[in-house]
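Enquirer: Sequence:
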Amino acid sequence: MADYLVIVESPAKAKTIERYLGKKYKVKASIGHVRDLPRSQTGIDTENNYEPKYITIRGKGPVLQELKTAAKKAKKVYLAADPDREGEAIAWHLATALNIDSSSECRVVFNEITKDAIIESFKNPRPINMDLVDAQQARRILDRLVGYNISPILWKKVKKGLSAGRVQSVALRLIIDRENEIKNFVPEEYWSIESTFEKGTKTFEAMFYGNDNEKVKLTNEDQVKSILKQIKGKNFEVVNVVKKERKRNPSPAFTTSSLQQEAARKLNFRAKKTMMLAQQLYEGIDIGKKEGTVGLITYMRTDSTRISETAKSEAFQYINEKYGKDYVIGEIKQGKKSANAQDAHEAIRPTSALRSPDQLKDVLSRDQLRLYRLIWERFIASQMAPAVLDTVTVDLVNSGVQFRANGSQVKFPGFMKLYIEGTDDQSEETTKLLPEMAVGDKVKSLDIEPKQHFTQPPPRYTEARLVKELEELGIGRPSTYAPTLDVIQKRGYVQLDTKRFVPTELGEIVHQFMLEFFPEIINIEFTAKMEEDLDKIEEGRTEWVKIIDEFYRDFEKHVKHADEVMEKIEIKDEPAGEDCEKCGAPMVFKLGRFGKFMACSNFPDCRNTKTIIKPIGVKCPTCNEGEIVERKSKTKRIFYGCNRYPECDFVSWDKPISRPCPKCSSLLVEKKLKKGIQIQCTKCDYEEAPSQ
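So for the sequence shown, UniProt numbering puts the first residue at 1; every next one is plus one.
For the record, the hints were derived by calculation from the structure and aren't laboratory data.
Be careful, since some hints might not be right.
Stated by the list, open to error - Keeping only pairs whose Cα atoms sit at most 25 Å apart, straight-line, the calculated SDA-like set for lysine to any residue is:
no.	residue 1	residue 2
1	K411	N398
2	K123	D395
3	K290	D395
4	K432	K451
5	K572	L496
As the list claims (entries may be wrong) - Simulated restraints, written as ranges between beta carbons of each label pair:
no.	residue 1	residue 2	range
6	F597	P52	27 to 33 Å
7	K156	K572	17 to 23 Å
8	K411	S151	38 to 44 Å
Quick reminder that beta carbons are idealized off the backbone N, C-alpha and C, glycines included.
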């Protein structure tokens, strides 16, 4: 029997860690939490200092018994749950269940699952950090008090199956506030004047700037016509040339939030998928006989951008060998650390900078490789030298009318040789080269084109934008972003339309209820302050019972008031516009766990249901009888098929359009590309220029 027992959370980690530690150690997994609050009741004694009632999680009895048996036979037990608040709480629950003294040196933590990190962590065991445990307990108790007091009211007054949590209520508020901004937005007219100029054999673009070096905003057509009349002829004089050298620093290595945002932008991954894949890379992948199973990235729940000196050294070695010493970072200012950042961890980075993505392409799945490449490239780039750009601004004047041309050229690519951070609007920084010009030069205008524009409302939130907003407002923590976005969709409060959040009628009702009866729960400043209070508990600067009590005394009154005053809300079923083929009663739209569906209004006498199909106005090219309709796969991905299925098996991931191919008369489809949407033929090589 082994001398020492090590308990981790995940079975995937256990074998790897056991191999690193050797024969004297036995590593077992708790498979997450073993104790929690009961599901059937609140489990918080509000009359006795908010004492939580913990029970063994249903189904975890055999696991816990196996751990108890192994613990009795071991000389010492080490608790090696994840290195965060939740991991510390799991270690404490295990210590309590296994009768281990939590003040003894029983806790080991590591930021990466590599041999050196594991061996080093066991040289420095420590007691369980009760401040961390208390911070996690306080969060769990707060969420339980909110959820188990508000949700029953929603069930009784609105609809069964609803919930209202602290962070999810604020996320829903942000989405609804943005929707209201869009609805109330009044477009404003504005104009621009663009021109193509010629200098020698080269052409370049410039925009109207103003009059006599004073910027002018164009708001109507009459103003534009007046300016165009002012211009005499086609010759402009260069009156000012400004050349500057600008440095562009690399983005820091990923935090949880920035990883979720960048994976959404560049890989089209949902936050939930990003975290699932990151967990797999962290826990370990079998990369071959030489190394076996090894963790490929550091811990993926972090808000720190700190990098260890060892990791930097490896990165410098790789960059020097691959690109040369000029590309190795100098002393540059890294990204600003969040005021709430817990700096106990490092940023998310590869466990070895020398383990390039190309070396792993045969052992990782397609999506694992794509995420690993993103993490690896971002980390290596963060340790590379800044890019150096030459920027040029040229002012051109004709009769007092001033145009301005801006250009830039990459003088030294630096980190941009490997990686450039994505943006939410998908616009890419383009390099515009201007011909050499000097003050007094004459250039010729080839065309002058006025354009009318209208201001646009703010965009709806994508997952990436919402995560960024929550982080900037100090709402939630790295481990909460993905579950929060997931739950507001599962509850039917929001839907995704072209990857952007749109509130549903149910979401509006729940939000209005929260706004009227629990305004402090959806108050952004209040929720952000609560996160700060949890941090104070973690740092040992305040007692968790005090924080809970300050919240609960007022909250309890609001709960009682809402239960007494709120009237029952009847959500009427929306007519579907067709009759049930089984009993003839009208069909209605209903909202279920997986979104809207059609059901017979004669329920429960008739239980007929149908999925919603949406015609797109295109004849089926396969059978020439049916219509193509929009459908959703089990994973909620939109595809297109014939409404005569299964008689006709036509299916397409790309949206068909009604007009035929001008070249071969076959079906045209809209293909989504990074640059926009491109219309392509399904049979021949016909394609049209992409449109945004």
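Enquirer: Let me make sure I understand: some of the numbered hints might not hold for this structure. Which ones are they, in numerical order?
Expert: Violated: hints 1, 2, 3, 6 and 8.
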